Each structure stands twice: as C-alpha cells, then as structure tokens.
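S.K.: Please construct the entire structure, taking both the sequences and the accompanying hints into account.
These protein sequence lines are chains A and B, in that order. Under my numbering, think of the first position of the first sequence as 1, with each following residue one higher. Under my numbering, think of the first position of the second sequence as 1, with each following residue one higher.
None of these hints come from the bench; they were simulated from the model. Quantities reported herein were computed from a predicted structural model and do not represent experimental measurements. Accuracy of the hints is not assured; some may be wrong.
With a Cα cut of at most 25 Å, we get these calculated SDA-like pairs of lysine to any residue [stated by the list, open to error]:
hint, chain 1, residue 1, chain 2, residue 2
1, B, Lys-14, A, Thr-159
2, B, Lys-5, B, Gly-215
3, B, Lys-14, A, Ser-165
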Amino acid sequence: MVALSMAEAPSGDRSARARALTVLLAGILAVMALISLHVGAAGVRPLPVLADWLSGREVGLRDRVVLLDIRLPRLLTAVLVGAALAVAGALMQGLFRNPLADPGIVGVGAGAGLGAVTAIVLGALLPAGLAGVLGLHLVPVAAFLGGWASTLILYRVSTRGGRTSVATMLLAGIALGALAGAATGLLIYIADDAQLRDLTFWGLGSLAGASWAKLAAAAPVILAGLLAAPVLARALNGLALGEAAALHLGVPVQRAKRLAILSVAATTGAAVAISGGIGFIGIVVPHLLRLAMGPDHRYLLPAAALLGAALLLGADMIARVVVAPAELPIGIVTAILGGPVFLWILLRRRGLVDL
Amino acid sequence: MLIAKGLCARLGRKQVLQGIDFAAAPGAVTCIVGPNGSGKTTLLRALTGEIASTGWIGLDGADLRRIAPVHLAERRAVLPQASGLAFPFTVYEVVRLGLLGRNALSADAAHLPDRALQRVGLAGYGPRFVQELSGGEQARVHLARVLLQVWQPVLAGRPCWLFLDEPVAALDIRHQLQIMALARDFAGQGGGVVAVMHDLNLTAMTADRVTLLRGGQVLAAGPVAQVFSDTLLSRAYDCALRVNTPPPGGGAFVLPQAVA
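M.R.: Here is the structure:
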C-alpha cells in the first residue's frame, strides 16, 4: 500500500479517484435499492418473490401489489428525485460559482411550487386542447416553468458583468421565495375543496404518494434535465474561473448559462412537482463530493446523481422505519441531516462574514 | 497579425476607447502602457473579444468577432489581471483547465500541466490547493494555465497569441524577470504576445513595440526607442520623467524626476 502510493507521483490529478468513487457510489446505490425493496410494513421479501416470478411460478397478488405497485414506483421516485435534487444543486452552484446556491434555499423551489399549485388550481382554465396535450405532465411542466422563471430572475438580479454577488443572491432568493409563497397562499385561498385535497397530497414533501402515474408524468422532465448536465460539465469547470476566463477557454458562456438554468428548472421543477419540497439534498451532496473527489464537474455531476439517489433512498427508509407503521415526511429527515451541513459550510467559509 | 482600426468601446456611459489603431505581430512582444484609466485593460479586453467594441479587429486576417469561442481558444490565451476560483481545485486541475476547449488530447496530455508548472517555476505544486498559495504563486498558476492553452500550437507552428494583463503586478522581482523571459520565449517560438504593463523599465527590457495610451487614445506607437522619450512619457503620465540609456546592453530605462 505504501509502496503503491510512493510509486505514484503526487500530481494533484484526482480524476482516477473520482472515477473509482463513482463506481463505488453506483454499487452503494444498487445495494440501497435492494434494501429499500425489502423494507416495509407488509413484510414482503423481494428476492424469493423475484425468484418465483422469474421461474414462472405463481406470485401472490399481495406480494405483487406490494412490490410492483407500491415499493418499486416509490424506489424509482426516490432515485429520480434524489438524483434531480443533487444535480440541480451542483448545477446551480456551478452556475452561480458558489457552494451555497441551492434551488431550495434561493427560492427556485418556491417558484417551482408556485408553478405546480397554479397548475392544480387554475389548470381547469386552460384551453381543452392544450390541457389534453399536457395531460398528466401539466403539473411537472408548470413547476418547471415556475422554477425557470425564478432562476432567470435570480440570475439577472444577482449577477452583473459576469460576477455574482453572494449577498444579493441569498437576499434575492429570500424575496423570491416570499413572493412565490404569497402567490401560492393566494391560490390556495381561492382553491375549491377538491383542489385543496390535491394540494395537501402534493405539498406533503413526501414520497408516500409515489405511483406509476406520477412517476410517468415527472420522469421525462427530470430525465431531460439530467441529460443536459454532462453537456454542461466542461463549461461549468471553465465558469469556476469566472465568465471572462471561461470565454477565453472556449466556453460558449451565454449558451451554457441558458442551458444550465433550463436544466436546474427542469430537475428542480419536476422533483418538486412529484414530491413537494425536499430540502438540503442539493447542498449536502455536491459539498461532500467536492471534499471527496474535487470540484471537476465531469465527475461531480454523475456522482451527485448517484449519491443524491442513494441518500434520498436512505432518508426514505429512515422515514418509513423510525415511526413504523406510520412514516415521517421525508423532508424532515433530509432537513435534520442537511441543516447542520449547511451551517458547517457557512462556518468554514469565513469570507462570507464580510458579505 | 493582430490589427485593430478605429476601435471604440464604452464601459457604462464612459467612452473609454476613442478610435484606437493597434497592431501586433507574431514573433514579437507588444506592450500597452499608459497611466491609470488610460484604457489599457479595456483595450486588451476589446482585443480579446471579451467586451463589445466598434471598429475593426482582425486576427491573422479573419474578423475576430466572427470566430467562435472554441476556435478562438485554440489561437489565443488570455491572462486577466486577477483570477477568481469558485471551488477548491488543486493547482494541477486549474492548469489542466487550459486544455478545456480541446476535444482530442494526445496520450501524454496528463503530463502537460506539470511541464507548464515547471516553466513558471512551480514544479511539484500540482497537488496543492490553489487557495492556499500566496498571491504571487496563484498568479503563476494561472500563467501556467494560459501557457498550456497555446504553447503546443505555437510549437506546431500555428499562429498563436498570448494576452497578458499586468502579468507581473503581483510578483517579486525575480519572478517578474522570469515571467517576462517566458513572454520573450513564447515570441521567440513564433507566438505573438500582447501585454499591458505598468513597469516601464521591464517594458523597455522586454518589448519589441510599445503602444502608449492616454485618455483612451494612442499617444504614440512604435519601437521602444522611439516611444520612450522624455517628452512623450512625461506627457502621457503627466509628470516629469527622464529616459536614460545605461552602458551595458544599451536598453532604455526610465527615471522619475523629483517634483519641482
């Protein structure tokens, strides 16, 4: 072991470690997924059922419903939402060149929420043709639009001449969040009883309502956002040096920024639409990964998707287990894990004291 | 050739560049000098396409503004006055960013950052974090990054440009000399160097040609011996300056005169 590390010249290149960690994270996610299929109130064991199913034997209706209609969609929802939240955080931090930028903290989540609530309450006013085209996708798409508008406004307000003011960003985020919250409140006020029921289910900040239908509605939007991320990796690496330096390195800065904002809005919006407000994944995951493998976005973004998915799966299991057979809203679990990490980042970055 | 004609640029409401003609040749070091606020940095930023400007800018015969960023990045690198860094990159990783725009990298590309670090006197600094280095060391890390971006094409005989905005402002005298020697070296390989400079003596030692700015206009441009005269420099900087020629080497050096 010593000889190995002696033989390797200390070059400061962390890409080999980043690749190894990414493989490890993929393994962890796979194990977590298996465990998550296992954990639940019904006491169904997934492996024997799967073996039965593969060998053509009859699978009990109860086993099938629990595994295929309850646990599997919930598992996939947690994976997608966790990946989306973590990647959205990493993208936003790269775009704003700041490790504290997170969609949940700077009002983008609230904007996406406003979009979702608008769709639920006012969706009936849409022309039938448009509503028909969007169908189930209406809420995720509206959440995407809300997140997109708030990211755009936030960027315009807090960035001037290629430089982002952290103080302005955080304060503008508070203002945007408050505005979106007020508008959301207004919509809830005028909502009728049936809509209120939808809103309550939606706003739980939970994966409890996961279903194939909801997953099918949000997955395309999330996947579109996630697929844009690798394209942005090199651009975000360049942007870490500032906009001018990125331009000189050959990054098409304006195009990259526009795509990053769209991708943040798509991932955040659809994640919010499917699971309500789940906080701190977007700030904790990229931060831990930067410590472990460095800030190179070519590795950070895929690893963030994996770790985000694994972390949300874990949080979901905790939420399901600690007060079983009832369950905690998962947002509480992520906040308990993430709040201290956020404070820790604040304390480590002493420079922020002089905002 | 890098040629600008009738270049005008404004920052906010202020017209900073007022009809500048500028020329720099490959294989030469061209320095831009002038007092604070004379438009040196703005001129450099306009010449690199970083800020909007009017007038003609031609890079090796092509309209600079029509060259896509990714192609421009293969032909010229820019060292800004100050470089920020948002995340904890290692020195190696920052220098490697110089190759960001390249799609196809040769097999030995992994060693190129180390070689660039050697050139700026930072051999072995690869694993350290940039934010932990002194200001002068950080400046040299970024210099290694921009050198890496265009050094290989120059060696391959392609026209390449290095734009330096006060490359030695943060450095001690030994590293000032080292960096200017690097600039000379780059020009010696056939590359073009355009540098904004404050130190007139270092400029006199390094530059082939000088453009002297004052109030957003060109006061004089030409070989050092021609531009560095008592009258021109005193007028440009609005204070009494005397240019002497010392016996060894024969270059010009500039002495400030006590205010009468």
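S.K.: Could you run down the list of hints and mark each one as holding or not?
M.R.: Now for the hints, and whether the structure bears them out:
Taking the CA atoms of Lys-14 of chain B and Thr-159 of chain A, the gap is near 21 Å; set against the 25 Å cutoff, the hint holds. Restraint check for Lys-5 of chain B and Gly-215 of chain B: the C-alpha separation of about 17 Å stays at or below 25 Å, so the hint holds. Among the hinted pairs, Lys-14 of chain B with Ser-165 of chain A is consistent with the structure: their alpha-carbon atoms are about 23 Å apart, no more than 25 Å.
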